[in-house]
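Keeping their order, the protein sequence lines are chains X, R, H and L. So for the first sequence, the working numbering puts the first residue at 33; every next one is plus one. So for the second sequence, the working numbering puts the first residue at 33; every next one is plus one. So for the third sequence, the working numbering puts the first residue at 33; every next one is plus one. So for the fourth sequence, the working numbering puts the first residue at 33; every next one is plus one.
Hints listed in this document are in silico derivations from the structure and should not be mistaken for laboratory results. Incorrect hints may have been included.
Identical copies go unnamed one by one, so any copy, or any two together, can satisfy a pair.
[Said to hold, decoys possible] Straight-line distance between alpha carbons at most 30 angstroms, and here's what the computed DSSO-like set of lysine-lysine pairs gives:
hint, residue 1, residue 2
1, 35, 320
2, 169, 303
3, 303, 170
4, 242, 120
5, 149, 348
6, 335, 320
7, 35, 79
8, 200, 84
9, 98, 35
10, 335, 48
11, 242, 303
12, 241, 172
13, 69, 146
14, 200, 227
15, 303, 168
4 protein chains.
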Amino acid sequence: MEKLRICLIGAGRVGKVHTLSLKNNIPDAELVAVVDKDEEAARRLAKEFELKIHFKDYEKALDWGKFDAIIITTPTFTHKTIAVSAAKAEKHIFCEKPMALNLEETDSMIQEAKRAKVKLQIGFMRRFDRGFLEAKKKVKQGALGEPLLIKSIGRGPGLPPEWAWDIKKSNGMLAEVGSHDFDTLRWFAESEFEKIYAFAGNYKCPQIKKKYPDFYDHAVVTVQFRNSGLGILDIGCPVGYGYDARMEVLGTEGVIFVGEIEDNQVTVCTKGSGAVSSIYNSWRNRFKDAYIDELRHFVDVIKRDEEPFVTGEDGKKVVEAVAAANKSIQIGQAVSLPL
Amino acid sequence: MEKLRICLIGAGRVGKVHTLSLKNNIPDAELVAVVDKDEEAARRLAKEFELKIHFKDYEKALDWGKFDAIIITTPTFTHKTIAVSAAKAEKHIFCEKPMALNLEETDSMIQEAKRAKVKLQIGFMRRFDRGFLEAKKKVKQGALGEPLLIKSIGRGPGLPPEWAWDIKKSNGMLAEVGSHDFDTLRWFAESEFEKIYAFAGNYKCPQIKKKYPDFYDHAVVTVQFRNSGLGILDIGCPVGYGYDARMEVLGTEGVIFVGEIEDNQVTVCTKGSGAVSSIYNSWRNRFKDAYIDELRHFVDVIKRDEEPFVTGEDGKKVVEAVAAANKSIQIGQAVSLPL
Amino acid sequence: MEKLRICLIGAGRVGKVHTLSLKNNIPDAELVAVVDKDEEAARRLAKEFELKIHFKDYEKALDWGKFDAIIITTPTFTHKTIAVSAAKAEKHIFCEKPMALNLEETDSMIQEAKRAKVKLQIGFMRRFDRGFLEAKKKVKQGALGEPLLIKSIGRGPGLPPEWAWDIKKSNGMLAEVGSHDFDTLRWFAESEFEKIYAFAGNYKCPQIKKKYPDFYDHAVVTVQFRNSGLGILDIGCPVGYGYDARMEVLGTEGVIFVGEIEDNQVTVCTKGSGAVSSIYNSWRNRFKDAYIDELRHFVDVIKRDEEPFVTGEDGKKVVEAVAAANKSIQIGQAVSLPL
Amino acid sequence: MEKLRICLIGAGRVGKVHTLSLKNNIPDAELVAVVDKDEEAARRLAKEFELKIHFKDYEKALDWGKFDAIIITTPTFTHKTIAVSAAKAEKHIFCEKPMALNLEETDSMIQEAKRAKVKLQIGFMRRFDRGFLEAKKKVKQGALGEPLLIKSIGRGPGLPPEWAWDIKKSNGMLAEVGSHDFDTLRWFAESEFEKIYAFAGNYKCPQIKKKYPDFYDHAVVTVQFRNSGLGILDIGCPVGYGYDARMEVLGTEGVIFVGEIEDNQVTVCTKGSGAVSSIYNSWRNRFKDAYIDELRHFVDVIKRDEEPFVTGEDGKKVVEAVAAANKSIQIGQAVSLPL
């Protein structure tokens, strides 16, 4: 079988995760080129993974064009332009979350991908995690009756890069970190967001406050779905103690818990220490298999010409929810959707 | 040492729990009388515990007066009248949560107790649970830096009696079940509620809807404290699967989890069953020791003439928070405190 | 109802635990006297608990005789003499584990108690622990099919007093610590020990080696029951990290786990710390309720004139098993029972 | 880089696991041929994985010879002949556990591999599990002081194929299942087995008893190491409830636990169900990554011309321990090593 040829746009941390997945775990696809504004970064990654070609500008890569699909891992504010250009060039698109900055952008991306008949998949890797999938399956089977409350936690140990501190460029931590949680809520509720209320604050990053007074490092959000279901999410970044992504679904007939913070099934007890277990220190460890599986899925849907499990529409709904939550923080009141 | 003489007002479930604590675990106090509008219930409890006297009306008990303190476990809407009368009769008061229906009532109770120089303790037994206490101690010691988010879960397996379904008589499930959670949030935040937002719904009790259209069986509440700390609580009743009272404190330097749902350290695995552990089926099991310890404390503070650890002021703040949350549910917007 | 009058013989740590149980939790019994060779210890305990009388010699206490039952918490090598004398004086006997030093002693105790028609209960408190009882119930109900392997762990944080280091006076740590584990194995197997093999060593107490060359601080024992079931126990003392008493029953249809080392449902996570839970630091915390319940049972069986749940025969079988294990350690081969 | 060419000998379950690892996770190696006595099985696997060639006899494969290394996953009693022939043909050898039937065989294999200067790695995949490795690292760092007791559990849900029921062909379940546990004990003890005592029985397989009267499905083994450390292992097969591979190291300064039975971080609670978690149902899931990593390591040591982490010597010591345990079962007494 012909290997699917992929071009990576964005040579940062998550870009490297995808590169490793392609190299080590997806034998029927291969990374053939890498693009990064920081040309040195592109060159380094190309060298490390023996890629023959790298680019500073994605337009050049599209001009070259010897690939079937792109993976976008650049900052949020660049997603739309890159994705639309790629769709025009008839390249399939895997786009990291958050999908884009606003609904105009997400709509352009969705429409252009549709017009070009290319796949558009959003990087909500939790949807590929064994535990989340198992929970979803159980909920679908009715193990909990009707789900009525979905809770999600998204906390990361460190701060994202500076561009993400600027709420205008990133939509803030609710977009950077919380996109996964909004998606989880919506995925399990099987309903659309109707009303959102959020509190947030900058509790740990006084140094950021001056330059970015809107920056918040922790937020709590409650939502109501159209089907009247409820949701709670809280996000925090940086939380220091580790990477924490747990969820809970309360239904009319029971509850289901997904995820834990301990990461390697080892507990050490010494005098006065208590029982000590390691904590996940990164999304890379916590969702190692899910990152592989989402890319595996992307390659499969292209090859089989099917719809991806996580679509542009899914990405768009989260962008809208984040916008509503940010507005709620700003005005101090609940916000109704659609915006 | 002379035994402290106590009169129980309310011969229901929690009344019996306190009776057992007094009989089996607090040797320097004794229950000497019981009062219940349902005279048969009073008679039964008196017989079972070999009490010489029981009453239908608390006024009669106060007329008789041969006791030092009362325990109030009657419906919320009766608390204020009983407590004020007891204070006037110079009896110390242990009052179950929720303290009362509104701030006028709580203020009367506090003032009258103060004037009469009697103790007034509210039944927030979680404050006496070993785990909650240990967590609080760790937070005070600064183990988590500054607490910035406090989360609490309050879910019970069954429904309270019918009077509690009427939000006018009970303030609803946020009062009946959630009082503990509001108190936990405030206890750990060491700050007062500033703003509260709540969603609620009746997801499981269609039969109640007709008679009590305001009734909700699940609610999620987010709060902001004056010190800018955040809080989340969710309550549900009846949840069926068990009694669930867990909490979490996220601070600037770490996180602490308190409580679990498994109740007896036994796990059974058979073919196809998975690993199965029992779940707490009642607050009586989950907080068995805490119920004893809060009463032990009540007896101690009377004997030593000290302030109780959980005061009328604590009860009042929770009544206010519940009122704000109920108002938020009603108007669909956040509510600022004080009311 | 008349209170059952009890005399405590042995004013040490476990003696005080029983004293507290009697005072705070068993209203229909009362401690009326205490005996200790160390008269000062007896006086201190008598004073603290407002007992009117204390003795240096148990014979004097028996001469005085104004009590119904005794609790023996003295060193093992004294149990037999005290118990036999008490039985002759027609006092009911609660005797701490290990029951006695050898089978002659256990037989005398059993026979004398029988002759005098007094109750003889051995202090295997694990049999009164909620978790152990729940597990036993499940096994009896056939949840695991036929039990075929029973495993028990007995580890304590510190060393017992010096007399216990002398294997001639105590039968060593397998008696002091492991008696509970042998009893657990036999209780769940519902069969008698047939063959025992043991390894042991002194790994942590070089200072004891000189004076007591036979002393071992850790041991592993495998047993075969007459019904062909298997057992494993390992004991260690001092282990430093905490008090650890867990068990496991493997049956033909499944497995059951009992106990955990974490003690208060609190987990703290900070940067680099991992997830940290407290560990039980003492049998007093781990089996707090079981200590109360075994004494509650003792009082009940006396009042109702029934057989205790844990009899002298149970104590004897453990003494025999410990002797076999010690012999196995000595000769380096398996030992068959009965001895 | 040239891909390492590998020939698989044995197209059964574990053979397929290794095939999948090579295909999906080890890009610099490739499976080029498969051998199986059951030619249909060889053909099927060849077809499924698009291999150009397959063989009925390993000799034919060696004659063909266009590969660098072999993976042996055939029944134990064939290991030695295949491995020695492969070594003579200068092929590197990855050999599944148990390494061979007896010490003569293991010695031949080791010597021939040495003479031919080919790598010989034994399939103790637990040594590549993240948790086991983390525990080993902590022990090496002295986190527990000196390890003094190592415990290992090895239980599988189903029975191995019939050849393994014949103790003469397989050395029984202690070899088939317990090899991993013996290796774990020795790896952590860093000392050699000195004395071994074992009990065993056939508790669940009466149907096997007639044809194979020596067959046992459960066994418990205690060992003493030369450095005086202790070990316990228990194995069972079939246990029905799942695949269970946990271990524990008790040292002079603490204890470490590795592994759990719950497999996907999902817990479901419904009315009356308790809290239910899935259990590992197979070694394939429990040690998914370890199986990949051991093969990754095998490829790496060949490419870098280094010694494997798990050598023939390691395999041999386990064969010896199993033999001693089987002898102990037979004679009913402890057995000293070396045999």
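Against the structure, the hints:
1. 35 - 320: both (23 angstroms within a copy, 25 angstroms between copies)
2. 169 - 303: Only across copies: residue 169 and residue 303 sit 19 angstroms apart there, 43 angstroms inside one copy, limit 30 angstroms.
3. 303 - 170: between (42 angstroms within a copy, 15 angstroms between copies)
4. 242 - 120: neither (41 angstroms within a copy, 57 angstroms between copies)
5. 149 - 348: The answer is within: 18 angstroms in one copy meets 30 angstroms, while 60 angstroms across copies does not.
6. 335 - 320: both (23 angstroms within a copy, 27 angstroms between copies)
7. 35 - 79: both (21 angstroms within a copy, 20 angstroms between copies)
8. 200 - 84: neither (36 angstroms within a copy, 57 angstroms between copies)
9. 98 - 35: both (12 angstroms within a copy, 25 angstroms between copies)
10. 335 - 48: For residue 335 and residue 48, the Cα distance is within 30 angstroms both inside one copy (23 angstroms) and across copies (25 angstroms).
11. 242 - 303: between (45 angstroms within a copy, 26 angstroms between copies)
12. 241 - 172: The answer is between: 27 angstroms across copies meets 30 angstroms, while 44 angstroms in one copy does not.
13. 69 - 146: within (28 angstroms within a copy, 53 angstroms between copies)
14. 200 - 227: For residue 200 and residue 227, both the intra-copy (22 angstroms) and inter-copy (27 angstroms) Cα distances are at most 30 angstroms.
15. 303 - 168: between (41 angstroms within a copy, 19 angstroms between copies)
In summary, the structure is inconsistent with hints 4, 8 from the numbered list given earlier, while agreeing with the others.
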